[in-house]
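Student: These protein sequences, in sequence, are chains S and V. Residue numbering for the first sequence follows our numbering, beginning at 1 and increasing consecutively. Residue numbering for the second sequence follows our numbering, beginning at 1001 and increasing consecutively.
Hints are not guaranteed to be accurate.
As the list claims (entries may be wrong) - Here are some, though not all, of the chain S residues that point toward chain V, as calculated from beta-carbon distances under 10 Å:
| # | residue |
| --- | --- |
| 1 | Y52 |
| 2 | A70 |
| 3 | Q71 |
| 4 | L92 |
| 5 | L178 |
| 6 | S199 |
To be clear, the hints were calculated from the coordinates, so they are not data collected in a lab. Bear in mind the structure is a predicted one, so any value in this text is a computation, not a measurement. Idealized CB from N, CA, C, for every residue including glycine.
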Amino acid sequence: MSPTDADTRRMPLAAALEVLAELRGDRDVVVTTMGAAREWIRRRPHPLDFHYVPSTMSGGVPLALGLALAQPDREVTVLSGDGSLLMSLGALVTIADSGAANLTVAVIGNGVYEITGGQRIAGTGVDFAAVARACGFSNVARFSELDDFRARAKDVLSRPGPRLLELKVEPVREDYALVPPGPMQHRLERFRRALADSS
Amino acid sequence: MFSGREIADAISRLGYSHVVWVPDSVLGPWEAALEAAANFRLLRVCREGEAWPLAAGLQIGGKRPLVMMQCTGLFESGDALRNVLFDLALPITAIVGYRSYLAADSPDTARKFARPILDAWGIDYRLVATEDEKPQLASYLAECLRTGRPGVVLLAEGGT
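For reference, chain S alone in the conformation it holds in the complex:
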């Protein structure tokens, strides 16, 4: 497959997230932000979901790193938009420097600022997997076809981290608004309780 093919093929977001959800362990933490949060919230709730809404843009990845370092005996996955990650690409270096082997960064690569209505991000051709590898990630992969992702995801996620999965997905053109899923303090309390209950 040529790079051009890979850049034009895209997966449905909900189907790509379903692959991650099916491979999730009971004790695994999932941190969501922005458009990925909207789609993940529509799924069956899990007590170890942390919907980082409201957030600081680009903050989801470092917040997930903090959780991964604080909870080294469980896996932490963060669903980050490509626009969010571009705002703080250095966070990939921070992750690699930290040595967090239990962290997976899943980049939702839709090429747009979806949460604000679909404006194009700068640098739609960025190869985040290659960037992550250059930053020191031990395990990276880039997926643009659903069958390929389904076939290889388990293997990629079973290798030591930090991992970065770049998921080339179709933008959501309608119904892109994100409704905060309840007061943050209540959600934080529930999440902390879930961490304690599953320790």
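Based on these hints, arrange chain V on the given structure of chain S.
Tutor: Positioned in the frame of chain S, the structure of chain V alone reads:
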């Protein structure tokens, strides 16, 4: 004003688990002591805006992080700070180098804006500017930790 050993000992006594930092020329000489400390881990971030959500994740996960940066980094990381201290309401504490405070005639704008910005954000702070005030660094942070509220130690620095 402080040696690396003094700071590392204070951080250990206060029970911090991690220091999340971007150094400046005053904080930077503490690196070896912070790195060598047995009771906490030094975490390096690439820009100050990462420091607050990283500290938030640590705090949510049950750890006790301390953020360290220069006041210029405080300016840079404003939105992250806003989110972590106010939206998430996490009691994160920090040591912030107050650039040029000790240079009374300095035209450095970092000197001009540090305290007004903390005031505007409604963040409590304690200025430590003299040898006599050194004990306030640990006592202020201890009070923040005891009461579960955020706070900043503004550590006076010389000119740029």
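Student: Now, for every hint given, state plainly whether the structure supports it.
Tutor: Do the hints match the structure? See the list:
1. Y52: holds, 8 Å
2. A70: Where the cut-off is 10 Å and the nearest Cβ of chain V is about 3 Å from A70(S), the hint holds.
3. Q71: holds, 5 Å
4. L92: Holds. Min distance 9 Å.
5. L178: Status violated, d = 14 Å.
6. S199: Since chain V brings a Cβ to about 9 Å from S199(S), closer than 10 Å, the hint holds.
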